[in-house]
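Given chain B, put chain F in place with the hints provided.
Chain order of the listed sequences is B and F. No gaps in the numbering here: position 265 of the first sequence is 265 in the working numbering, and each next residue is one more. No gaps in the numbering here: position 558 of the second sequence is 558 in the working numbering, and each next residue is one more.
Simulated from the structure, these hints should not be mistaken for laboratory data. Where hints are given, some of them may not hold.
Because identical chains cannot be distinguished in the list, a pair is counted as satisfied if it fits within a single copy or across any two copies.
Using 25 Å as the maximum straight-line C-alpha spacing, the simulated SDA-like pairs for lysine to any residue come out as follows [stated by the list, open to error]:
hint: 1; residue 1: Lys297; residue 2: Met72
hint: 2; residue 1: Lys627; residue 2: His499
hint: 3; residue 1: Lys522; residue 2: Leu605
hint: 4; residue 1: Lys622; residue 2: Val63
hint: 5; residue 1: Lys353; residue 2: Ala195
hint: 6; residue 1: Lys603; residue 2: Asn518
hint: 7; residue 1: Lys603; residue 2: Ile514
hint: 8; residue 1: Lys250; residue 2: Asp356
hint: 9; residue 1: Lys353; residue 2: Val619
hint: 10; residue 1: Lys627; residue 2: Val402
hint: 11; residue 1: Lys603; residue 2: Ile512
hint: 12; residue 1: Lys353; residue 2: His529
hint: 13; residue 1: Lys627; residue 2: Ile575
hint: 14; residue 1: Lys627; residue 2: Asn584
hint: 15; residue 1: Lys346; residue 2: Ala200
hint: 16; residue 1: Lys357; residue 2: Val619
All figures in this text were calculated on a predicted structure; none of them were measured in a lab.
Number of protein chains: 2
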Amino acid sequence: MGVSGQAPNQGKEASFFENIYLWKSRMAAKFISERNIRFLLYEVFDIESLTKYDYYKDHNRKVFDMVLKEAMRLAKDLLYPLFEEMDRNPPGLVQGEVKVHPSIRDLMKEFGEGGWISATFPYEHEGEQLPHMLAEICELIFAAANYSTHAYPGLTHGAAHLIESFGSQDLFEIYVPNMLAGKWQGTMALTEPEAGSSLADIVTTAEPTNGDYYLIKEQKTFISAGDHDGVENVIHLMLAKIPGGPPGVKGISLFVVPKKRINQTGNLEFNDVICSGIYHKLGYRGCPIVQLSMGDKKDCRGWLVGEPHRGLAYMFQMMNEARIGVGMGATAMATAAYYASLEYAKTRHQGRKLTDKDPTLPPIPIIQHADVKRILLFQRAVVEGAQSLLTQCSRYVDLMKVSNDIKDKKKYNLLLELLTPIAKSYPSEMGILSVSQGLQCLGGSGYCADYPLEQYYRDCRIHPIHEGTTGIQGIDLLGRKVILEDGQPFALFLDELRHTIERAERYPELKIYIDELNKAIKRLQAVTHHLISISQQKGIELFLADATLYLEFFSIITIAWQWLLQGVAIQKALIEGTRTGDRNFYEGKMFTLRFFYRYELPKILWLSQRLMECDGLTVEMKTDYFKD
Amino acid sequence: MGVSGQAPNQGKEASFFENIYLWKSRMAAKFISERNIRFLLYEVFDIESLTKYDYYKDHNRKVFDMVLKEAMRLAKDLLYPLFEEMDRNPPGLVQGEVKVHPSIRDLMKEFGEGGWISATFPYEHEGEQLPHMLAEICELIFAAANYSTHAYPGLTHGAAHLIESFGSQDLFEIYVPNMLAGKWQGTMALTEPEAGSSLADIVTTAEPTNGDYYLIKEQKTFISAGDHDGVENVIHLMLAKIPGGPPGVKGISLFVVPKKRINQTGNLEFNDVICSGIYHKLGYRGCPIVQLSMGDKKDCRGWLVGEPHRGLAYMFQMMNEARIGVGMGATAMATAAYYASLEYAKTRHQGRKLTDKDPTLPPIPIIQHADVKRILLFQRAVVEGAQSLLTQCSRYVDLMKVSNDIKDKKKYNLLLELLTPIAKSYPSEMGILSVSQGLQCLGGSGYCADYPLEQYYRDCRIHPIHEGTTGIQGIDLLGRKVILEDGQPFALFLDELRHTIERAERYPELKIYIDELNKAIKRLQAVTHHLISISQQKGIELFLADATLYLEFFSIITIAWQWLLQGVAIQKALIEGTRTGDRNFYEGKMFTLRFFYRYELPKILWLSQRLMECDGLTVEMKTDYFKD
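Looking at chain B on its own, in the form it has when it is part of the complex:
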């Protein structure tokens, strides 16, 4: 309870506080739109078409619906009820071990035994061979209900997949089954106190021994779920340097470093990994972020994954998955915040129509004020645009996996490479603005702990930071992905947009948006070519100086594409006729599409102007000029 002093039924303000309680219990009913999920999976991205591929042939819509239903049940019954409680009771470091909320143990078991961690794994590796599209929508559902709880199985899935992809059969057998079962936690252990964004500078060492293992020494920091008592063991997928290897990123290797190793009798024993600190954070408090110290007793053992010095390349698989995961988490929080503010806006009465000045008329629900509708449409445009982009990305993952043609596989891989920094950053950055607008919608109540908005506001601020800051993503997009393989991913991306435009041309209602998107594509090409010429003529520093702005510019156009793609499905439904009750859904989506094109896409005007200038302002600015 955020207001203290008068518990319900104890004082005369009871009815006021009771309203908050009622509102809270009502609000619990909605943190995501199942209708929009079905729209994306079935109407926009046609998940059923995947079942024509051999790998997915056992599945059908009925299976997908059952999985979604079960994910919603888990989210509603187990995750959402813990959302506030876990924030109010964050993990603590007690005698060298992180104590998390007692429910985490049950949840990890549920995620493991329920097959959620292994959902996309193949049958022979104890998985269910579910499409990524579906699995990631389930992640969206879980994260919308409670992002912190979702981080534990999410990281475990990524770590297990990394061992599956590059580890030996031995490593797989020892670790993966326990991880998929939710008994052992997986982590990604990259960051060090002196090496955050700059992985070239990690100093953790791995000394070869006569055994099958290396001796690991040094510290890691900011490790999510890096230690806790909700599992029997924690398996770190850790970057370290084997002495004598090349300097920088070329000398990084990947190791499995368990918190407890299996001894000769088959029991777990101490592996000299110590949790040396836990961070007190702004939000995302349900999941511990910790510091680790390895090898204080010179007995921390790590097992090499794949070949020496290729660790960063391997780790990029987990990093890229985690980046999409962060985008999904950010989208999920913004989604939950949107429905919380929507519910408030429908029920809170305040003021009158601007055309009705008569103060004796009753106040109207604030959702009827144009400015409140603008706030809600902004949130919805961001949320449903981001959901669409992320589903698009997981569709590429699926197609990459099942395509028989090697050229197709490569195509989807390149598209995914290009879109990963956008799928990570757009929801992260816009999620903050969207949640902040959601909070604004509640006025003073949004600032108070009585409503969940203040927690979403704190929680969502992590996303532009973890798994590579927005600045890093900008450099990745412009400095690496756009110019990859002679610009192939960029050309493929434009093909995708043109293909959507072709499909949209069937619908006269979409004509104006096609025109806008075509203009945006021209701007995107012009800016990109200009920047590449700068790179050739004036060097890399000027080329990348405004990479963060380029990322924003590119992202807006990407989301505009996704909205046009949704527009095709909307128009199809509206023209082919919808059930009466459903028409409002499509009309609302059409307004949201229009909103994106009228309020968001025009931002490329100023961004492209700035990007074309490329005057080196920030390069020239001297450190000394920041004095005073």
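Chain F in isolation, oriented as in the chain B frame:
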């Protein structure tokens, strides 16, 4: 300490944590730039010129310097050290009274006895007759050190000024001296559970009696410093309705409602005002925000201020001051956040120049990366732009006060009316983005309690909400101020801009910015005229639908003007020669001016495009379309 588990010198990670401690103690040294304050007061706004007016004739630069020095001392020694501590130990409601941090009692005494609450009051009312320009810069200093502590004397000043302006001699004598002395707290009590932004709907009643007082009944909510044990009494300046008056805002009267009233023996006695709840807030935790219940025992007495039914007009004096105060507070927090992230960027080493890929070279301070400089310049452009605008506003307050010509008085009043919603909203909205970028600058550390950024991020979110939300400010600007008195304030505003442009024309370096500002003025005129014609042809709802965007659009141009005005002073200093050590200050400011014109002003491109469309999207959107 934000990371727990290892206290300094207790474990082997001591040196890492010690670094944080060192950083913290170092950082405490700077939350504001005294250099920039002197630049604004002496070089841009020529505060010394005020001393030619009779009212300020006793003062001179030496006095101003002494006041500034004393304000800095208070801020550094008393306020800043409590910044984090008060956040970690928020007020609580204990047996019907709010317990605040014990330092509040000492601070209120300090603010009272030190003459800070009465600084701008005339000599005959126990004040110091200091210019508002100076007093508000002192407020900036205090709020940058610790916004929460500053709220107590700030509200008390506003409430005392309200009684001084419209209350009887009796009311003045009973209340004002104790308030100015910091013994009694002042508040503004407007909001009610069912009447937040819509004051027309307040239901608090004031029944006339046979005595000199009215009987007050009902509840108020979200009252800052509405009750606490750091003072002997709390004086509410409260809006209520006298039964039988006109409906809506025309029936609102203003009352002084003390927590404790003076009885016939001259002692304080219970006045039937009960603190019924305290809010648990996202931030701004050093100051309690409470619910009040009046008249539960039918014995809450209130004394009418001025005439019946004119309460809202009176209250607007305090509201407008409070709105400027909010803008100042938002600017102050963004300022402190800027210096905290600047300090971090100077000392944190990470990565190399993009042109230096050799991983054996040592890492460089992150301030040398172009993207980090962009973040810092963004913060600085917002912070110093907003500081300038607020000083401009207080200059208008001073000139309004001392001008002998009634036409001049009116001119400054109209300019102030026009700029108040901008001075409130621009720092509030941009402060959030600016603090958020400051947090981003620290990466993972920004998200943790080891550094102050996470607190600034929580604290600053209040500003777009309290004293009228940004949505309300937009409607105030476009729906009221711009069209006031046949557009007089708008015309006067444009004159001010043209006057600055004339002064800037002396300096060739400013030519490009003059051109940009001239273009921006044309856009502002075009958009404004277009919207007014919409209002006449299509009605008020469409006219005001995008008022929030208009506010943003107008604000950016206003800050661009302030940067050009600063540019005049910068160029003057650079040309006339500066002390060697000072040249970096002016060069840095010149870069920041350039940054504003290259990265911020261009945002008017998309805003003006959208505002010219005025297609009624948000008006047409139906509530039912938000279903699903």
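Hints, one by one, checked against the model:
no., hint, in the structure
1, Lys297 with Met72, "neither (46 Å within a copy, 51 Å between copies)"
2, Lys627 with His499, "neither (52 Å within a copy, 31 Å between copies)"
3, Lys522 with Leu605, "both (12 Å within a copy, 18 Å between copies)"
4, Lys622 with Val63, "neither (60 Å within a copy, 35 Å between copies)"
5, Lys353 with Ala195, "between (56 Å within a copy, 15 Å between copies)"
6, Lys603 with Asn518, "both (15 Å within a copy, 22 Å between copies)"
7, Lys603 with Ile514, "both (17 Å within a copy, 24 Å between copies)"
8, Lys250 with Asp356, "between (69 Å within a copy, 16 Å between copies)"
9, Lys353 with Val619, "between (51 Å within a copy, 11 Å between copies)"
10, Lys627 with Val402, "neither (57 Å within a copy, 37 Å between copies)"
11, Lys603 with Ile512, "both (17 Å within a copy, 23 Å between copies)"
12, Lys353 with His529, "between (49 Å within a copy, 24 Å between copies)"
13, Lys627 with Ile575, "between (63 Å within a copy, 20 Å between copies)"
14, Lys627 with Asn584, "between (57 Å within a copy, 7 Å between copies)"
15, Lys346 with Ala200, "between (52 Å within a copy, 21 Å between copies)"
16, Lys357 with Val619, "between (54 Å within a copy, 17 Å between copies)"
This entry does not satisfy hints 1, 2, 4, 10, going by the numbered hints stated previously.
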